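Model the full structure from these sequences, guided by the hints.
Protein chains: 4
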Amino acid sequence: MAEAIAPGRLAAFSDGVIAIAATLLILEVKAPSAGEEVWPALRHEWPALAVYAVSFLVIGIAWIHHHNMFHQVRRVDRGLLFLNLGMLATLSYLPLPTATLGNHLTGHDAAPAAVFYSASLTLAAAWFTLLWNHLCARPYLLHPAARELAHEARRRSLLGPVSYLLAALLAFVSPIGSLILNAAIILYFIVGRRSPAARVQ
Amino acid sequence: MAEAIAPGRLAAFSDGVIAIAATLLILEVKAPSAGEEVWPALRHEWPALAVYAVSFLVIGIAWIHHHNMFHQVRRVDRGLLFLNLGMLATLSYLPLPTATLGNHLTGHDAAPAAVFYSASLTLAAAWFTLLWNHLCARPYLLHPAARELAHEARRRSLLGPVSYLLAALLAFVSPIGSLILNAAIILYFIVGRRSPAARVQ
Amino acid sequence: MAEAIAPGRLAAFSDGVIAIAATLLILEVKAPSAGEEVWPALRHEWPALAVYAVSFLVIGIAWIHHHNMFHQVRRVDRGLLFLNLGMLATLSYLPLPTATLGNHLTGHDAAPAAVFYSASLTLAAAWFTLLWNHLCARPYLLHPAARELAHEARRRSLLGPVSYLLAALLAFVSPIGSLILNAAIILYFIVGRRSPAARVQ
Amino acid sequence: MAEAIAPGRLAAFSDGVIAIAATLLILEVKAPSAGEEVWPALRHEWPALAVYAVSFLVIGIAWIHHHNMFHQVRRVDRGLLFLNLGMLATLSYLPLPTATLGNHLTGHDAAPAAVFYSASLTLAAAWFTLLWNHLCARPYLLHPAARELAHEARRRSLLGPVSYLLAALLAFVSPIGSLILNAAIILYFIVGRRSPAARVQ
Chain A
1 MAEAIAPGRL AAFSDGVIAI AATLLILEVK APSAGEEVWP ALRHEWPALA
51 VYAVSFLVIG IAWIHHHNMF HQVRRVDRGL LFLNLGMLAT LSYLPLPTAT
101 LGNHLTGHDA APAAVFYSAS LTLAAAWFTL LWNHLCARPY LLHPAARELA
151 HEARRRSLLG PVSYLLAALL AFVSPIGSLI LNAAIILYFI VGRRSPAARV
201 Q
Chain B
1 MAEAIAPGRL AAFSDGVIAI AATLLILEVK APSAGEEVWP ALRHEWPALA
51 VYAVSFLVIG IAWIHHHNMF HQVRRVDRGL LFLNLGMLAT LSYLPLPTAT
101 LGNHLTGHDA APAAVFYSAS LTLAAAWFTL LWNHLCARPY LLHPAARELA
151 HEARRRSLLG PVSYLLAALL AFVSPIGSLI LNAAIILYFI VGRRSPAARV
201 Q
Chain C
1 MAEAIAPGRL AAFSDGVIAI AATLLILEVK APSAGEEVWP ALRHEWPALA
51 VYAVSFLVIG IAWIHHHNMF HQVRRVDRGL LFLNLGMLAT LSYLPLPTAT
101 LGNHLTGHDA APAAVFYSAS LTLAAAWFTL LWNHLCARPY LLHPAARELA
151 HEARRRSLLG PVSYLLAALL AFVSPIGSLI LNAAIILYFI VGRRSPAARV
201 Q
Chain D
1 MAEAIAPGRL AAFSDGVIAI AATLLILEVK APSAGEEVWP ALRHEWPALA
51 VYAVSFLVIG IAWIHHHNMF HQVRRVDRGL LFLNLGMLAT LSYLPLPTAT
101 LGNHLTGHDA APAAVFYSAS LTLAAAWFTL LWNHLCARPY LLHPAARELA
151 HEARRRSLLG PVSYLLAALL AFVSPIGSLI LNAAIILYFI VGRRSPAARV
201 Q
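So the sequence lines, in the order shown, correspond to chains A, B, C and D.
Counting along the first sequence from 1, when you hit position 155 you're at 155 in the working numbering, and nothing is skipped either side.
Counting along the second sequence from 1, when you hit position 29 you're at 29 in the working numbering, and nothing is skipped either side.
Counting along the third sequence from 1, when you hit position 113 you're at 113 in the working numbering, and nothing is skipped either side.
Counting along the fourth sequence from 1, when you hit position 181 you're at 181 in the working numbering, and nothing is skipped either side.
A hint or two may mislead.
Stated by the list, open to error - Here are some of the chain A residues that sit facing chain B, going by a computed Cβ distance under 8 angstroms:
(1) 9
(2) 13
(3) 17
(4) 20
(5) 21
(6) 81
(7) 89
(8) 99
(9) 116
To be verified - Quick list of in silico lysine to aspartate or glutamate cross-link-like pairs, EDC-like style, CA-CA up to 16 angstroms:
(10) A:30 to A:45
(11) B:30 to B:45
(12) C:30 to C:45
(13) C:30 to B:28
(14) D:30 to C:28
(15) D:30 to D:45
Stated by the list, open to error - Derived coverage of chain C by chain B (criterion: at least 3 residues anywhere in the stretch with Cβ under 8 angstroms from a Cβ of chain B; other residues may be distant):
(16) 29-37
(17) 54-61
FYI, nobody ran anything at the bench for these hints, they're computed from the structure.
None of the values given here were measured: they were computed from a predicted structure.
Cβ coordinates follow ideal geometry from the N, Cα and C atoms, glycine included.
Put into structure tokens, the structure is as follows:
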């Protein structure tokens, strides 16, 4: 059954959720309270700030990826609607693993926090592959010119979940190493020609 | 007295409130603090995460329902404006029952928390019936083609409050059972042909 | 110096801020924690919930008023831009007096909390009079058809700050009485023909 | 490689993030709790309220500046996209230095808090110079009529980071003096003809 939700409206609603999820992240970084010395307290927060930066960029890149995807969509069906809702629920929940890793990165229980964080990124990124997969199987949802490109986009979209999964595995041995790997993945997504967030052409 | 607020502007404002209400829900789930073990703390949060997922989907489905409704509206009167505001106030308040149930689902006072939660969902869903009722009584607010459909939509819109009310009653005997019933209702709303969120055709 | 910010863009940005301010209000109502009994804890929160409802409607009415105002505006100058920014800053700060009154309405220090609350509403409403005043003095900012109406709108816009100021004065003797007066003012704004939020015609 | 993200979509997403960042600021001001006297507690919060007002206006002015900039942009490339994302991440993080300064302005460790605050404003403002610089070096991203103006806009955009940097230096000797300097900078940005936020003509 075709839903008559216009792709533009769904994209605008998604933009709103994504913008809010990105902006709420900072609430998980604790400001030095009145009784604390400022510099030591901020130094103590560097892991939270580093994870904030990584998560903000992950969500920013997801926005770009989402925007590029919806640029190709001409019709929304119910499956797309609810896959998209699942993706939004997962992005909206990222403040939780972000705060978890920020609290534990330099502590004694850093490995499970880093595994949880990278596994959450894997999950968030996997929705994009599911979305592209749904579109590839239903080419009538895409603009005619986009039907060829969608298969390439689906292939590229695997790079996100696979890379974050590697970071999750690395986290078992080196939590900080896995955060650095996440940052490197993001850097590649920013500058790389074959990044999932780059428009397929 | 006719207000000159365009349906599109009211829908866009409502989209904003709904997107924010959905995204704020995660703030009620507590991240493991620096002194806690990560896995046990997260396991302890599973009720909060389960309730988060249900509430996020409830709000997402409300968005779809709202969108489908406003697709049929060609004029906004004052009654519609304030019924819509009441509906937004109720959706915006859902983080409170969500956090209440998340805190109590596995505790000794779970039944009242689950009653409060499902009663809140009932209230939120009932606004949609009130809105459709207002539209059915004032067909000049609707696009001509939608006037027939509105009665069917009003009838279907009862499914939400009635189902959530049953979940509220079930909550007196089984809090977890009522959360599972809520999840089943949502699943039906996602896949069911006669779901209130499905477009009437 | 004329700014080239289109009224539509300024209105959309303002809509965003207003929607967020309304939705954040619920974060100030504390959910019953795991160790508390649910019903007694919620009963204890009734003042916070009552103030939540009043504040949400105040902000909703401000949105309608703002929307009606910007419907008449065809050009934005720098004065309008910054008066609007001051108004947004005041609406965004309402979670603070809302939480203050919610915490104190039934306590021993209720009067100052209620004075603070109604004084904050007075301030928020006064910006609208300042905005209309700015527009009346610069009719070239308005659509030609709106120039007559603006004087009537300015006159009506006084009703908000004057009524909330009376509620602030009443708060010195009866905090709950002043909240009831605020609710009555809002009810009038919802149903009254000469409400500031009603479109002048 | 040219991204096909329309400037309007990027501006709308940025508007959302900026509106949320401004509105979240108030959450860092603590409402008097039930056990506290209201007036003394609010008096104790005046530094937080003063810093709230300054930060809200800083973000509001950034919005105006951003809006004026994107009014000149006709194409978005990947560099612009990620410079803009960096700028948004920095604006979104302002609740942290805002809360830090609010907590410490009248305490014994005010100087580092004020240095941190003004340094954060410097960083946020510097992104605008980077953005204008990117545009000046790639005039094909701008509307033809804007290519001359961009150099003037870049020059003016230096006023923000340079002024905030002076405030950061002043903060070492007078934390309150530096907050007053920040307020004066903002006042100039509001009324000054050559403010970075004023449209170049």
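Going through the hints against the structure:
| no. | hint | result |
| --- | --- | --- |
| 1 | 9 | holds, 7 angstroms |
| 2 | 13 | holds, 5 angstroms |
| 3 | 17 | holds, 5 angstroms |
| 4 | 20 | holds, 4 angstroms |
| 5 | 21 | holds, 6 angstroms |
| 6 | 81 | holds, 7 angstroms |
| 7 | 89 | holds, 5 angstroms |
| 8 | 99 | holds, 4 angstroms |
| 9 | 116 | holds, 6 angstroms |
| 10 | A:30 to A:45 | holds, 8 angstroms |
| 11 | B:30 to B:45 | holds, 8 angstroms |
| 12 | C:30 to C:45 | holds, 8 angstroms |
| 13 | C:30 to B:28 | holds, 10 angstroms |
| 14 | D:30 to C:28 | holds, 10 angstroms |
| 15 | D:30 to D:45 | holds, 8 angstroms |
| 16 | 29-37 | holds (count 7) |
| 17 | 54-61 | holds (count 3) |
Comparing the model with each numbered hint stated earlier shows that all of them hold.
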